[in-house]
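Spelled out, the chains give:
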Amino acid sequence: MSHTGYHPVLDPALAPPFPKAVLPVLRNPQLRKNVAHAIDVIQAKRARLVTEKADWQELRTSGAAIRDHALANLGTYLEQFEDRCTAAGGTVHWAADAAEARRIILSILKQESASEVIKIKTMTSAEIQLNPFLEAAGVKAYETDLAEIILQLGNEEPSHIVVPALHVNRSQVRDIFAQSMGLQNLSDDPKALTAAARSYLRKKFLTVPTAISGANFLVAETGAVAVVESEGNGRMCLTLPRTMITLAGIEKVIPRFQDLEVMLQVLARSATGERMNPYTSIWSGVTPGDGPQHFHVVLLDNGRSSILAKKTERQTLRCIRCAACMNSCPVYRQTGGHAYGSVYPGPIGAILTPQLMQMNHAQSLPYASSLCGACYEVCPVKINIPEVLLELRSQVVNQERRHPTKFFDPMYLGMRAANLAFSQAWLFHAAQFFGRMGLKLFTGRDGWIHHLPSLGGKWTQTRDLRGLPKQPFHTWWAARQKETK
Amino acid sequence: MRASLFITCYNDTLFPETGRAVVRLLERLGVELDFHPKQTCCGQMHANTGFRGEAFCQAKRFVRMYQETDVVVIPSSSCVAMIRDQYPGLFEELGNEELRRQLATLLPRVFELSEFLVDKIGVEDVGAYFPHRVTYHASCHGLRAIHLGDRPWRLMEKVRGMEQVPLPNLDRCCGFGGTFSVKNAEVSSAMLGVKLQDVMSTRAEFCTALDNSCLMHLGGAMHRQYAGMRTIHLAEILASTETEPAEALR
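The listed protein sequences derive, respectively, from chains A and B.
Using my numbering, the first residue of the first sequence is number 1, and each one after it goes up by one.
Using my numbering, the first residue of the second sequence is number 1001, and each one after it goes up by one.
No wet-lab data here; the hints were simulated from the structure.
Fair warning: there could be bad hints in the mix.
With a straight-line Cα cutoff of 27 Å, these simulated DSSO-like cross-link-like pairs (lysine-lysine) come out [stated by the list, open to error]:
#1 B:K1060 - A:K440
#2 A:K311 - B:K1038
#3 B:K1038 - A:K482
#4 A:K406 - B:K1038
#5 A:K203 - A:K140
#6 A:K440 - B:K1038
#7 B:K1038 - A:K485
#8 B:K1158 - B:K1060
Just chain B, with the same shape it has in the complex (with noise of 0.2 Å):
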């Protein structure tokens, strides 16, 4: 199988080893892997915070750029929640025709990591080995707008070595909210608070999610209280092996 990996722009800038996963995991699966070089931003920052016509110029760079692409595979899920639910919203109110016909035959094509090994491959065991205690925040996106419902589980559970500790409350957001972070900060931090007491009450070595915005919010606040927990991405745990262990376990 053929597919194309978007790796979102803040993958690409801060966490390359994300994506370095991916394209171990999925070429270890037998999948094909291309990359678009001139890919850049979805456009969810800008339409988050109500930049609307900047958002709309990168979504339709995205729909341009991917239109001849069988699959595209993105291992944000709040990237491809701005995909599916405002794409559409914006080629309507721009009032672009073509677009939003594009988009319609592009949608079915394009997928969450989790979505595309459990719907698209067909595999949950992917021959992982990750020895160590986890715990998984299902970020809001992945939870409520694209309902990855129990894919991430499905995964996790086949993991060998692996303890999966569940997280109290699970369905609460962490606080991080794209630009909502700095523009409210101080109640961005009240929730970050909450949300990490929750998390460090797993007792767990790790904290993961398909979304790697929400773990460098916890990510940043765990390493800011020296506490004894760090984030992974779930692409990290489920490419590693006996042999090729995560990167951030060397």
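This is chain A alone, in the form it adopts within the complex (with noise of 0.2 Å):
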């Protein structure tokens, strides 16, 4: 048992279906609290933020204009990210796939001798489920942000892409760190906390000479690594190991450094609702004397190139994990990440997810939403979500749709059955005097209705439903029309 009081799955091919998955979190009061507390505060930092920014508008498209130029350009900038890398002294590597991405890192690790690696935050190695498979492999792999070493410490998941931890309170903190670090009186006052942790992370930073990290952006130009970051964990990693191993997916690019002119603003402020992140690290290839003087970048498909290949779809790699959608996700506000059953949540995540699984996994995700919008009026790279989401839904149903066990599915029969009724307005009408009689066989004496069967017993579980009324609108006129003539 976790210290959240369940433990989820978020292996999308291993996860129960969306609706399933978010019951234990609807029935938990604490975890609930923490991420509405969370994220409120987080949207209200990045509201403050965003008005102070005349030009936003245009920062958002100019930042869907970069990332769309990048995309467009994908393999010539690869390329000459490759080459320039290469010319500075770091050695590019090409992973078709999350199983090639690990044996290629695992094989770096084995030449190093490495039986240790300090890692700084990345969702793309929780994407290929590195950790476990290094464990396996024998090599301990320690995080090094807060938030991933509350999560590593205490058997917790990543239910957020940037605070991935947010479900958890500080008392909750305290305690996974009291038993974990033997700290029996340790209290639950944040400067306590994050003193405990340093002391924790100090031996691991000065004895481990092999690291791992992620990348914010790829730059094409100079072959450059940006990671943004608020501790100085990160840097810490950039400066002491001899190794580091860079993981990051295709996408990633772009094509100037004077992009990130845009790209650090829109990130920023959108991410944590700070103007600038406290540490911002930039670095290309090897410099003699200063760092890492080992330096691989594994470049990431898995899934990626496909998702570029389709026209609505592709919109969905302009993302820079900035987290503002489920920031803004009346859904996630409810439910978390963990529902989601994948490392990436929320909206994003019910975009990405099922893509990155060539949709054989993950097909409630696109169902996941209320279609509000939020996420889009808030996106700094302008992802028409609601879109995409409809796209996925769409390829959802022409998946299911052949399958004969969905054929007298309640969904699939009152769909076709609809659209039979819609094509002509008679027999709308019909529908409409034949529900109305099925409907009075459930009605009360106060002219709504409390139990349904079916699909209605969904909607009925906590609505009601007003009878249907004996006179539709389009009577009640014709009525008229033969009145007044």
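Starting from two chains that each stand alone, build the complex the way the hints lay out.
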């Protein structure tokens, strides 16, 4: 049992569908309180900082244009990145999928005879499930980001891409640290907690010579990698170790160094509600006598190029992982991240995860949205998430409707019947008549329906429905026309 | 002015009083209303659930039906959003050039009710009287898809006797989301619970909106919980006068 009361599955191939996965969360008031409080705070900060930029909409437009241009010329810019990075002393590896990326990273670690590795926060490594793989191969990975330490020591799973331990509150952090670090008298004062984390981390920084990072951006022009963070642990990983391995999705590339001007502005404000993030590290290859002397970049595809090939879905790859969409999402606000069964939760996860799974898993995620559009409104690179959700929904329907078991599924039956009814007015009017007759059986004396069978029961489990009125509007209109004539 | 009323399938079936109010309101303002007897649905339910082929059939039907019409008025912001945001993509995907052209000429003539009043007729004071405490729920589609902006407030300000109470967290979804409310009924209900707290905190007598789908959701929960509040479409408030009060009050 974990400290937050349950242990979720974050593997899209194994996770239960979203409507099932949400149930333990919805029954967990502490968790829901933690999530709602945390994102309300971040969202309010973001809103304040966005209003102070008069050119915010122009910045979004630029951000989207820079990302689109990079994606439209992805091959060119990735090769340019490889050339420049190699010239600067780095080694670039290409990984078609998660398994290949894991193999490459392990073989580098083997060359280094590493039995331990320290890590800067990277969601991409969680995507390829790197830590358990390394552990099984005899390499212990130590997270150095405070939130990631909390998760690792508490045997928790990330529930957010920027603030991965947002579902854990201060007193739960105290319990995790007290137990795993053997500090029985630890208080839940933030200062005491960070001090505990610091002394835990210091040992790792000083003794582990190999590090793994992700990348916020890859700069094609200079072959540089950029990582933004708040705590300085990343800076430590970039200073002390002998070897650095950076794992990055192929979509992370931007053409020019100057593009960071736009990207860093929109990222910090959208992600943490700060004008600028506290630590921005940008490094190219290897510099003798300064920082890691062996530098590897693993470029990961893992389904990304197939997303790139599709017109509507392509915009998904603009994402800069700021998490503004999940912070603004009314669904995420209730469920937190675990129910999405993926390391990428929230609205972006709902479109990214099924696509990374080539639509073979996570088909319930495109439906995990009320299509309210709040995500699109805040997205700093203007990803029209509702549009992509609808595209993926239609793909799911096309997959499912051929399936014999779905033929008599109430949802599919209802949709086919409704389509028939809407095709002709007289059929629609007949359906209204028979619908009213049928619902009469369930309508109470007060004229309201309190219980319905089948799918309707999903409505009436928390809501009443007013009984159908005797006269639909069109009948009233027709009668009125007759009278006036 | 002549205008044709597209009542929408769920208003026709579930909320005919909204339709009657639109008729009273617009005729009072001198609009000559038509009603195409063969109208059914805009296709939103199918499109939003992923049944794109079916949605296309409804979209085609709508565009063919209203091709020759001067002005179409729709008292449902989400149906207007469907027509504006999704029809072009549907016709493009299915490669129907003729429908695309017809849609392009039709779209500027399709109005949501508050747009029709404020932009097309140019009226804000519709002569309404509604002596009640009311809070307005800006539905997501009205707010973020078709950008109704301050139109609803401009109309509400001129309603005599009405006290308008601002709704906290106005931009937050009520959790309806069409088939989302049954496909993800538990999350939808959790969202509804939060929204209802905000709505009830206004201590209004009525919660109004320009979309009966949100109101069906909120109203269904209010009825279940014996809450001291009811829902009413804004058209019914705007149609209400001293001599002919809203049907909900009779």
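Quiz prompt | Given hint B:K1038 paired with A:K311 - CA-CA distance at most 27 Å | solution = violated (36 Å)
Is B:K1038 within 27 Å of A:K482, Cα to Cα? holds (17 Å)
What's the verdict on B:K1038 and A:K485, does the C-alpha distance respect the 27 Å limit or exceed it? OK: B:K1038 and A:K485 at ~20 Å, within 27 Å.
Take a quick look at whether A:K406 and B:K1038 sit within 27 Å of each other, Cα to Cα.
violated (31 Å)
Exercise for review: Please work out if A:K440 and B:K1038 have their alpha carbons no farther apart than 27 Å.
Suggested key: It holds: about 26 Å lies between the C-alpha atoms, which stays within 27 Å.
| said: Does B:K1060 sit within 27 Å of B:K1158, going by the straight-line distance between their CA atoms? | reply: violated (38 Å)
- request: For the pair we were handed, B:K1060 and A:K440, check the Cα-Cα distance against 27 Å.
  value: violated (33 Å)
So if I understand the rule, the pair passes when the alpha-carbon distance is 27 Å or less; does A:K203 with A:K140 pass? holds (14 Å)
In this structure, the earlier hints numbered 1, 2, 4, 8 are contradicted, and the remaining ones agree with it.
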